[in-house]
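2 protein chains.
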Amino acid sequence: MAQKPSIPKGTRDFSPLETARRNYIFDTIRDVFRLYGFRPIETPAMENLSTLMGKYGDEGDKLLFKILNSGDFLAKADHELIATGETARVASQICEKGLRYDLTVPFARYVVQHRAELQFPFKRFQIQPVWRADRPQKGRYREFYQCDADIVGSDSLANEIELLQLIDEVFTRFGIRIAIKLNNRKVLAGIAETLGAADKIIDITVAIDKLDKIGIEQVNAELIERGLTPEAVERLQPILSISGSIDERLDTIESLLADSPTGLLGVKELREVTAATLALGLNAELDLDFSLARGLNYYTGTIIEVKALDVAIGSITGGGRYDNLTGVFGMPGISGVGISFGADRIYDVLTALELFPEESARPTTIMFANLGTPEAAMAMKVIKQMRQAGISAEIYPDNTKMKKQMGWADDHKIPYVAIIGETELSQNKLTLKNMSTGEQTLVSPEEAIDILKK
Amino acid sequence: MAQKPSIPKGTRDFSPLETARRNYIFDTIRDVFRLYGFRPIETPAMENLSTLMGKYGDEGDKLLFKILNSGDFLAKADHELIATGETARVASQICEKGLRYDLTVPFARYVVQHRAELQFPFKRFQIQPVWRADRPQKGRYREFYQCDADIVGSDSLANEIELLQLIDEVFTRFGIRIAIKLNNRKVLAGIAETLGAADKIIDITVAIDKLDKIGIEQVNAELIERGLTPEAVERLQPILSISGSIDERLDTIESLLADSPTGLLGVKELREVTAATLALGLNAELDLDFSLARGLNYYTGTIIEVKALDVAIGSITGGGRYDNLTGVFGMPGISGVGISFGADRIYDVLTALELFPEESARPTTIMFANLGTPEAAMAMKVIKQMRQAGISAEIYPDNTKMKKQMGWADDHKIPYVAIIGETELSQNKLTLKNMSTGEQTLVSPEEAIDILKK
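So the protein lines, in turn, are chains H and X. If you're matching positions, the first sequence starts at 941 in my numbering and goes up one per residue. If you're matching positions, the second sequence starts at 941 in my numbering and goes up one per residue.
It should be emphasised that the hints constitute simulated quantities derived from the structure, not laboratory data. There could be a bad hint or two in this list.
Which copy is meant is left open, so a pair is good if it fits within one copy or across any two.
[Claimed, not checked] 27 angstroms max Cα-Cα, derived BS3-like pairs, lysine-lysine: (1) 1321 x 1353; (2) 1140 x 1016; (3) 1002 x 1150; (4) 1353 x 1208; (5) 949 x 995; (6) 949 x 1002; (7) 1208 x 1321; (8) 1016 x 949; (9) 1324 x 1393; (10) 1016 x 1153; (11) 1324 x 1208.
Chain H extracted, bound-state conformation (with noise of 0.2 angstroms):
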């Protein structure tokens, strides 16, 4: 047991400023969505293996981690699969569960298995740890929060305006300058209608979603080798140089589809919302980008995604509506919209931008030394006034040179520190040091709690 210990890889220690300004996101996101209406569940983080896969692609199904079975597992497993290595089908023998991969999936079985306790509309939100097996590198671990907000049951657009003021406050709480980007899954097919490849959606999504990362030839270039025509891809061209106002992209897009129903109303849906939200005012940036994807095989009208305008990071919110979270389930045509804050990400834009409010390390308000035994006596009688005030205090627990104790509360950074020797003993008083100025005042435990109040 020499061998220093370690955690898995792709998984985290937090330390206690980490934890701190973690918990300063979750509880700012928290309090947004409750102001809105929201109302917290949580599921457990282990869920039955018949629930999560087939339900993330067969990639997804290789990233789920399972869970052996208790007990004699052996006694289910086939020994011949097992001999002839077939990993896949011993594994479905010999695990029954797995730690959830995101939110979605365990809502919508909540959804399904409560559907008769729940009134709908229904809106939730979550935060909560998910896990996935993927090879771990960066900015992407193996454990991370998902902090998600849906509303299903309604396919009315207020949930869209709403989710967009949502996500508006939660970033101006931050203090981070974003750009909300907006599509509409219905444009795309309209787009896919129009340039005669309806059959080819899937394709062309997937390379005009990369448009701002390889550039105008490259996205060509992948639609040739998946398959359009050479006048399909000329046709696209508007399309994805479209530029002007909301309204000017709204108004060219509108006449590009003209010959698509859905397209059309798509671009009906983008106007709504779009036009309702900026009549509200809001702080973001709203964009459209009719290149907009995101998890095109699951969203069916409204597309969101959030960037931050100051720190080149990837998407920090995103979401959509779905039109059948719970068919799967065997609860076909609820509809409903989402949206998922991703914390790390988040995390990291704070201390990019240095954003972390300093209370949000919360340090105590200050340390009492530890001189002896009828000295620590009276510092814990007014240590207990000052919790009673509010004031989060602490005692030194050992009775340790003097250098040391006030060294772990400069460590710690805790800004009054406060001092009962014997002479202070005999007066009742104390001596409060400020410990960014330097300045000892000897007060009275009611003078100090007034200072410390302010």
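Using the hints provided, position chain X relative to the given structure of chain H.
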């Protein structure tokens, strides 16, 4: 997929009301932890099995949830062991990681791993779920939260005194009347010595720990069974029947343990901790219980257990001092003391005594009915103003029947509903309905905000 989905046995979904109430518990405990100068850390759900195995006894090892290695997990497995059904050894070949079983071992691992960054004494709190493959039964779950606070790197009894006050503060905030029972492992050692059975300390404490449950006769029988002589059992009787005030009991046990230096040290520690705690004053009943053992192999000094006075339920909080938290990870000599709040049992007590504050459910303050596009647009403007004033508000997303909308507000226990129809729209006013009295008033948005802020 027609079958209704479910969750693994022993795990739970938490509804909005349950989640809000659980958050009330966590937030209250967290606030008090902070008030006392504890700082939060978080550790990953998954630990290396090498960190977890062997720390909880043979039974504990079996209760660990093990995570199947990703990829070709069979490659490392010994097929002979599989053939002979050696589940434990096969498990260790195909699983490198497990879910944490408690917060103590991960904390010990954290302290050793991060020793260079930490300033001792280190005061941390941690509120996270743990997982145990226990047989599920009423009140026992396979996933549950622990709320732990520990001070490590200090053997001062000031820490015990602080923790007792902290416990008192937490339960005072909850409104739960409690008794805090104290013992000291050194007293237990002294009892064993005095009985002439120092080597039987574990047998003795395991037996007398059951005193409350099975009564003195059965405890005595068990002690004989465990190899104690009838004379030793005879000598134990006055110890088990000690009565009187705390001081009287300390005096009696002191005289009974007069020949055991270890026992006397334990009595001295108990005397110091109880005297200082009582001098500071507390709402809880403070009590001594010389039969209290709790995790005997682990604690070395003070032992703490909390029971609710008004509900018959087991221990709702417990803790104690340990001398060698981190020794198993190669860092000996770190003394510490900690406590753990049992969130699930506290939940049950708060429910039984109907002590959850109404606000803990935090419904939205006001729902705006949806009577059509222009009306909804005005509603959203007013909602924005209200949220800016800190009032949680939402719009019913769909323009459906009024009865349905009002029913939804009712189901969600939302105290106010705002109605903006044609008339209100033309006057820039809203009809504010108090859902408990049924009273309706026509007011301006500003007047509504004033009413709701009260």
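These are the hints, each one checked on the structure:
1. In this homomeric assembly, residue 1321 and residue 1353 come within 27 angstroms of each other (Cα to Cα) only inside a single copy, at 23 angstroms, whereas the closest approach across copies is 44 angstroms.
2. In this assembly of identical chains, the alpha carbons of residue 1140 and residue 1016 never lie at most 27 angstroms apart, being 43 angstroms within a copy and 43 angstroms across copies at closest.
3. Taking the shortest alpha-carbon separations for residue 1002 and residue 1150, only the intra-copy value of 25 angstroms comes in at or below 27 angstroms, while the best inter-copy value is 49 angstroms.
4. Proximity of residue 1353 to residue 1208 under the C-alpha cut-off of 27 angstroms is found in neither arrangement, the shortest distances being 55 angstroms within a copy and 35 angstroms between copies.
5. In this assembly of identical chains, residue 949 and residue 995 lie within 27 angstroms of each other by CA distance both inside one copy and across copies; the values are 25 angstroms within and 22 angstroms between.
6. Proximity of residue 949 and residue 1002 under a CA criterion of 27 angstroms is satisfied in both settings, with 17 angstroms inside one chain copy and 24 angstroms between copies.
7. In this homomeric assembly, residue 1208 and residue 1321 come within 27 angstroms of each other (Cα to Cα) only across copies, at 22 angstroms, whereas the closest approach inside a single copy is 68 angstroms.
8. Only between protomers do residue 1016 and residue 949 lie at most 27 angstroms apart by alpha-carbon distance; the minimum there is 19 angstroms, versus 30 angstroms within a single protomer.
9. Taking CA atoms no more than 27 angstroms apart as the test, residue 1324 paired with residue 1393 passes inside one copy only; the shortest distance there is 15 angstroms, against 33 angstroms between copies.
10. In this homomeric assembly, residue 1016 and residue 1153 never come within 27 angstroms of each other (Cα to Cα): the closest approach is 48 angstroms inside a single copy and 40 angstroms across copies.
11. In the homo-oligomer, the alpha carbons of residue 1324 and residue 1208 lie at most 27 angstroms apart only across protomers (24 angstroms), although the nearest pairing inside one protomer, at 63 angstroms, exceeds that limit.
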